[in-house]
Amino acid sequence: MHIFLGSACHPTMIAIKPCRALLRPPSCSRLKACRRLYHSYEHHRTPPFPPTESRILSAALSHVPTHGFTTAALTQGARDAGYLDVSTNLFPAGPFSIVNYHLVTQRLALANDAPSTDDVLNNVSQNIKILAFRRLHANKAIIHRWQEALALMATPAHLPTSLRELALLSDELLFLAGSTDVTSSWYTNRGGLAAIYASAELFMTTDRSKDYVETEDFLTRRLEEGEEIKTFIGGVGSWVGMQAGALIDGLRTKGVWI
Amino acid sequence: MNTASALRAVCRPALCQQAPICDFLAPRITQWRSRKRYASIAISSTSPKTEPTPEILESESIAKRRRPLSKKQQQFLDSALRVNQAGELAATLIYTHQTPPITRLHPHLRPLMHHMYSQEAGHFSTFNNMLARHRIRPTAMYPIWTAAASTLGWVTGLMGREAAMACTEAVETEIGGHYNRQVRVLLSWIKKMEDEGEEVGEEMRDLVSTLKRIRDEELEHLDEAVGEGAKDARPYELLNRVIRSGCKGAIWISERV
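Top to bottom, those sequences are chains A and B. All residue numbers for the first sequence refer to full-length UniProt numbering, where the first residue is 1 and numbers rise by one. All residue numbers for the second sequence refer to full-length UniProt numbering, where the first residue is 1 and numbers rise by one.
Some hints could be false.
What the hints assert, rightly or not - Between beta-carbon pairs, the in silico distance windows are:
1. A:Leu163 <-> B:Gly249: 24 to 32 Å
2. B:Thr210 <-> A:Thr220: 39 to 47 Å
3. A:Ala154 <-> B:Val257: 24 to 32 Å
4. B:Ser150 <-> A:Arg208: 48 to 56 Å
5. B:Ala121 <-> A:Gln243: 20 to 28 Å
6. B:Ala148 <-> A:Leu159: 31 to 39 Å
7. B:Val226 <-> A:Leu159: 48 to 56 Å
8. B:Ala148 <-> A:Lys230: 20 to 28 Å
9. A:Ala154 <-> B:Pro68: 30 to 38 Å
10. B:Lys192 <-> A:Thr220: 45 to 53 Å
11. B:Lys192 <-> A:Trp239: 47 to 55 Å
12. A:Gln147 <-> B:Ser188: 48 to 56 Å
13. A:Lys230 <-> B:Ser150: 21 to 29 Å
14. A:Val236 <-> B:Ala121: 22 to 30 Å
What the hints assert, rightly or not - Chain B is nowhere near these chain A residues, computed Cβ spacing over 12 Å in every case:
15. Thr46
16. Ser62
17. Ala72
18. Ala151
19. Pro156
20. Glu165
21. Glu225
22. Gly226
23. Glu227
24. Met242
25. Ile258
Unchecked claim - Among the chain A residues that face chain B by a calculated CB cut under 8 Å, a handful are:
26. Leu37
27. His39
28. Ser40
29. Phe175
30. Phe203
31. Arg252
The hints are simulated quantities; they were obtained by calculation from the structure and are not laboratory data. Predicted model only: the values in this text are computed from it and were never measured. All C-beta atoms, glycine included, are put in the ideal place defined by N, C-alpha and C.
Taking the hints into account, I'd like the entire structure generated from these sequences.
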């Protein structure tokens with residue numbers, strides 16, 4: 001489970017060889033851990049991070065507003081948690097581990113105050129909006145540093161993990177909002193929501209309005225547009241289906257052997 | 001006495017400081033140690049009298065251990081339920097498209113076709129609910145299976161009663177075997193859980209009983225199809241082989257994507 005010293009790379013080495021650090025593939029153990037599987041209600045989920053890593057990373061996250069998503073924040077976090085500076089070797093991905101920790105913990109935190117079952121039945125799209133905005137609000141404390149995180153997420157080495165995390169987030173949002181679509185729209189729903197959420201997140205980094213009202217408006221508009229497109233495509237599909245059915249029935253009544 | 005307590009007071013902070021470093025330098029050791037400690041508690045049959053015994057531990061359902069499903073088990077359930085949904089989707093579509101041509105030539109088959117269709121529709125909605133509830137991804141080949149199953153149903157329907165029944169026979173043989181394998185695997189898990197004194201849980205019991213019921217209904221369709229003259233289909237061997245290998249391929253793909 002532990003990514004340990006053997007494969008690790010000291011922060012100074014990352015500074016010396018930035019290219020190699022950037023192009024290194026992400027740690028596959030973390031990727032596998034993120035794979036979504038059969039969700040059981042009777043068996044507890046294992047925590048996403050081992051206790052040591054989680055202590056260091058949560059302490060490091062509190063240093064992000066001052067130090068940004070940097071190795072310095074990671075080192076400060078390790079010190080705060082009572083470990084040696086060298087323990088940042090636990091994280092071969094460097095500052096990206098802080099980003100990943102934030103993404104994973106905030107995604108899982110959504111489930112804690114999810115809408116109750118009555119609300120779930122009422123309005124899925126409303127629930128999606130509430131949940132997505134709640135998730136955006138979780139970025140508030142570090143929003144002035146979030147562009148650094150976005151840059152880290154977009155590096156080739158971390159892109160697969162970030163995309164995977166985005167996909168898991170949109171899956172989580174739809175599940176908690178009570179979406180029960182299990183046809184091919186399962187894929188379009190998730191893809192569309194992921195795109196909308198990512199653009200809203202980017203919008204929020206430049207939003208200076210009070211309580212991020214503009215971000216909320218932006219998110220609402222995008223979700224409404226998505227809903228419209230979905231209704232339109234659904235309408236076209238059912239129209240074509242009905243016409244085809246009517247045509248075949250008509251031919252059958254005329255005695256055509258089909 | 002005094003010296004001992006003083007010594008302990010000196011030692012304690014040192015130990016506390018050491019623990020996280022130890023934990024960091026050699027996590028395997030500390031983890032191993034803690035796991036071992038846990039195991040000895042779980043195995044021990046007598047408990048010291050001084051220990052507090054909250055009532056919650058006495059009740060039957062919580063007293064038993066419940067181990068989380070392993071990654072392999074989750075993966076198995078994930079792909080098995082995905083295949084089941086795809087299979088039931090195909091079955092409902094096959095019956096939907098077979099019914100009009102068949103019932104026009106053989107009106108006496110109307111109740112049978114309706115009965116088989118409504119059972120398949122019930123299975124389909126069962127698996128749809130299961131997928132949504134357990135957060136399982138539907139197969140990415142959904143539109144392709146939809147088109148393929150509709151075509152298969154329509155073509156065999158046009159070929160006549162015997163060909164349609166041969167199609168039902170071939171499909172139900174494959175899907176029945178698929179359900180049978182699942183039930184066997186789940187029963188072996190349950191047996192293992194019971195042997196190790198773990199609680200099986202309502203979820204697993206429900207799943208097995210649902211799968212058993214659905215499998216029996218599918219095999220019933222198989223018998224009915226044979227009774228309606230499936231073996232009299234003209235190129236019976238060919239139809240049977242082609243449809244069965246198609247089903248096998250579809251199951252193989254749906255397990256993966």
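Comparing the hints with the structure gives:
no., hint, result
1, A:Leu163 <-> B:Gly249: 24 to 32 Å, "holds (30 Å)"
2, B:Thr210 <-> A:Thr220: 39 to 47 Å, "holds (41 Å)"
3, A:Ala154 <-> B:Val257: 24 to 32 Å, "holds (27 Å)"
4, B:Ser150 <-> A:Arg208: 48 to 56 Å, "holds (54 Å)"
5, B:Ala121 <-> A:Gln243: 20 to 28 Å, "holds (24 Å)"
6, B:Ala148 <-> A:Leu159: 31 to 39 Å, "holds (35 Å)"
7, B:Val226 <-> A:Leu159: 48 to 56 Å, "holds (55 Å)"
8, B:Ala148 <-> A:Lys230: 20 to 28 Å, "holds (25 Å)"
9, A:Ala154 <-> B:Pro68: 30 to 38 Å, "holds (34 Å)"
10, B:Lys192 <-> A:Thr220: 45 to 53 Å, "holds (51 Å)"
11, B:Lys192 <-> A:Trp239: 47 to 55 Å, "holds (53 Å)"
12, A:Gln147 <-> B:Ser188: 48 to 56 Å, "holds (53 Å)"
13, A:Lys230 <-> B:Ser150: 21 to 29 Å, "holds (23 Å)"
14, A:Val236 <-> B:Ala121: 22 to 30 Å, "holds (25 Å)"
15, Thr46, "violated (7 Å)"
16, Ser62, "holds (18 Å)"
17, Ala72, "holds (19 Å)"
18, Ala151, "holds (29 Å)"
19, Pro156, "holds (25 Å)"
20, Glu165, "holds (16 Å)"
21, Glu225, "holds (24 Å)"
22, Gly226, "holds (20 Å)"
23, Glu227, "holds (20 Å)"
24, Met242, "holds (15 Å)"
25, Ile258, "violated (7 Å)"
26, Leu37, "holds (4 Å)"
27, His39, "holds (4 Å)"
28, Ser40, "holds (6 Å)"
29, Phe175, "holds (6 Å)"
30, Phe203, "violated (29 Å)"
31, Arg252, "holds (7 Å)"
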